[in-house]
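With the hints as extra help, turn the sequences into a complete structure.
Chain residues, written in single-letter form:
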Amino acid sequence: MRVLAAMSGGVDSAVAAARAVDAGHDVTGVHLALSKNAQSYRSGARGCCTLEDSRDARRAADVIGIPFYVWDMAERFHADVVEDFLAEYASGRTPNPCVRCNERIKFEAVLDRALALGFDAVATGHYARLRRGDDGVVEMHRSADPGKDQSYVLGVLTQDQLAHSMFPLGDSRKDAVRAEAESRGLAVAGKPDSHDICFIANGDTAGFLRDRLGEAGGPIVDQAGSVVGEHEGAFGFTVGQRKGLRLGTPSPDGRPRYVLDIEPVSRTVTVGPREALSVRRMEGVQPRWCGPAPRGVLDCTVQIRAHGEEMPASVFVADDGAGTEGRVVVELRDPALGVAPGQAVVMYDGTRVVGSATIETTGP
Amino acid sequence: MNSPVTYLDHAATTPMIPEALAAMTEHLRTLGNPSSLHTSGREARRVVEEARETIAQALGSRPSDVVFTAGGTESDNLALKGMYWSRRAGDPGRRRILASAIEHHAVLDPLHWLTTEAGAEVEYVPVDGLGRLQVDALRDGIERDPESVALVSVMWANNEVGTVQPLAEVVRLAQAHGIPVHTDAVQAVGQLPVDFAASGVDALTVSAHKLGGPAGVGALVVRRELALTPVLHGGGQERDVRSGTLNTPAIAGMAAAVELAVKRQPEFAAETAALRDSLVARVREVVPDAVLNGDPGPGIEHRLPGNAHLTFPGCDGDLLLMLLDAQRIECSTGSACSAGVPEVSHVLLAMGISESHVRGSLRFSLGHGSSKGDVDRLVEAIGPAVERARAAGVADRRGRAARGAVRDDEGGS
Chain A
1 MRVLAAMSGG
11 VDSAVAAARA
21 VDAGHDVTGV
31 HLALSKNAQS
41 YRSGARGCCT
51 LEDSRDARRA
61 ADVIGIPFYV
71 WDMAERFHAD
81 VVEDFLAEYA
91 SGRTPNPCVR
101 CNERIKFEAV
111 LDRALALGFD
121 AVATGHYARL
131 RRGDDGVVEM
141 HRSADPGKDQ
151 SYVLGVLTQD
161 QLAHSMFPLG
171 DSRKDAVRAE
181 AESRGLAVAG
191 KPDSHDICFI
201 ANGDTAGFLR
211 DRLGEAGGPI
221 VDQAGSVVGE
231 HEGAFGFTVG
241 QRKGLRLGTP
251 SPDGRPRYVL
261 DIEPVSRTVT
271 VGPREALSVR
281 RMEGVQPRWC
291 GPAPRGVLDC
301 TVQIRAHGEE
311 MPASVFVADD
321 GAGTEGRVVV
331 ELRDPALGVA
341 PGQAVVMYDG
351 TRVVGSATIE
361 TTGP
Chain B
1 MNSPVTYLDH
11 AATTPMIPEA
21 LAAMTEHLRT
31 LGNPSSLHTS
41 GREARRVVEE
51 ARETIAQALG
61 SRPSDVVFTA
71 GGTESDNLAL
81 KGMYWSRRAG
91 DPGRRRILAS
101 AIEHHAVLDP
111 LHWLTTEAGA
121 EVEYVPVDGL
131 GRLQVDALRD
141 GIERDPESVA
151 LVSVMWANNE
161 VGTVQPLAEV
171 VRLAQAHGIP
181 VHTDAVQAVG
191 QLPVDFAASG
201 VDALTVSAHK
211 LGGPAGVGAL
221 VVRRELALTP
231 VLHGGGQERD
241 VRSGTLNTPA
251 IAGMAAAVEL
261 AVKRQPEFAA
271 ETAALRDSLV
281 ARVREVVPDA
291 VLNGDPGPGI
301 EHRLPGNAHL
311 TFPGCDGDLL
321 LMLLDAQRIE
331 CSTGSACSAG
341 VPEVSHVLLA
351 MGISESHVRG
361 SLRFSLGHGS
371 SKGDVDRLVE
381 AIGPAVERAR
391 AAGVADRRGR
401 AARGAVRDDE
411 GGS
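Chains A and B, in that order, are what the protein sequence lines are.
The working numbering numbers the first residue of the first sequence as 1 and each following residue consecutively.
The working numbering numbers the first residue of the second sequence as 1 and each following residue consecutively.
Don't read these hints as lab results, they were simulated from the structure.
Even for Gly, the Cβ is constructed at its ideal location relative to N, Cα and C.
Just to be clear, a hint being listed does not mean it is correct.
[Said to hold, decoys possible] Under 8 Å between C-beta atoms, here's a sample of chain B residues computed to sit facing chain A: (1) D325; (2) A391; (3) R400.
[To be verified] If the Cβ cut is set under 8 Å, some of the chain A residues that face chain B in the computed set are: (4) A33; (5) S54; (6) V70; (7) D72; (8) R76; (9) E108; (10) A116; (11) G118.
Structure below.
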């Protein structure tokens, strides 16, 4: 197959590209330039879009012996990921930009372009397993390395996208991948993992949001509506957050209070006790299914944040089966604490990813 | 990687001609710093001075006008900064620099630096739709206040679209007011007749690797009467204007390349222009809506003989480049790259070409060794490559439209 390997400059995508070559594919490496000014996003810290990362990716391609190009995806990334991130926060939700990037950049903009150019698949260094059944349907499963599993941020991929994807690291553990990189002579073998949000250079998400969405203070109220404090901008808050509230009025029982709700129009942040965070019911929108859309009630497990625990649930699919329109209602068997609207709820059947939706509302 | 290479990027760099390779390797074996006083030093000095005479002879200058540098970029920096500082030292009012809007970055960036760091006021003279300097605009710029002009810099021929600039008129306008003229002739030497003295310019940049010589060596041919403030300070090896131990082997290689390139120029230009014309015609047979950018000629008075710069509407130039590269056909988008991504060409934008057309452009540049076989392979590959690049462009636009992020200038095509 003709394979396009997306190479971030990190160790995982480098080994993934090398393994695709070993598997006999005709591989071309591509580094995605995601910032119009390559130095404006994340310099110094580890991310996926600095000039240094581009150079690391190029050197890895040299060592592997494949052609290498840089694709300018800055405009798409800004429109589909950064602006979406800002709009979600402006609406009081807590988005996951890595999910969005996989959905719209790596496995949509890049994949569509690659297919048009005559490639058969896009390979990435994600930790998730793909299994192609006899019927040709591709299933996505959790990684062999539970600590690195990235199936959560890939839960948005549809069957069509999965059918043209390769995750050569799915069966491996991270330490084995590093060792392999070392033995292959890849200089990125010891490079630290990326984390946080690649387009926020200093890791200061609240500051990033404040700079772009403006300072807009508002009241912090308790569940009864009494003002218990002030904030300088609601954008930095996340449902379930406890630290950094700086409340002037102590709670009557002296117990810690948590963010329960963010209302963006009046900029009101509601706080309350831990038990008020308890969520048993969620409504999700924009469901995306890895295979055929399930109908009716689905007994499964769900994960509601990256690296979060897996929780038993029943999912009601209020959908005609068409795929992306419609809603899902998730009933958790045991309540969860601090579920942030905007995050993805990813549904699993055992290790298999069934699909995902974006959490819109939550309830007890 | 066993397939033969179809190299259509001679404007980026050229293969070394055997004579240059031989001259250079011979002197890589010999010891001697040309500034040393002993026998080995004198022998090295002799090689350098013979090279200087050879180059002077080929380019129509006196040997003492030739200042060796590390290449075109250094020569441009030396000419612009050296002339500006020196002219301003003589008359603090001389702060204006007039340059064409389509200069190479090796000229534009020093000019930008002079603006921000040394109080220069740079005026970029516009070009017409074919990429030719608007002489009237230059005249207006000079005559508005000739006393404040430090220098004029206009390239001999443009590196992206190949348009030959009206240098004789530039020189006439500037000389009327005693204003010195620099020209970046990096693309011109070997392609066009270049005679330093006859041209009337005061300083001329030449680079060895663009004409069959080694990279990392070049010269600024500059009238020795013209005062230049040095950029590199040190041992004062080159007329006290340029310091650094002279690179004897590279200079020997450059001299061999310049001598032959200039000697062969008439024949080379005729053959290469014919080959280029057939490349353009045959590519346009396969891709009828491909547009030739720059001056269509005819003749080398209008356009570099090796240059074919084409827009393929609906394509991204860098994707087309990648598809051709997969078949070992090597070309360029023509514009500078930053971090591996081609910048939007300031040259094409200055010519008034829309941004979507700019992005769909490729430069094919022929040189010594180019053959009909190269053109055949390109003609065979270009049709399917354009088709694929267009499909990718459609996918990109569809994706952007779905997300509401389509730029205004991309409604059509």
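Hints the structure fails to honour: Of the numbered hints given earlier, the structure breaks none, since each of them holds.
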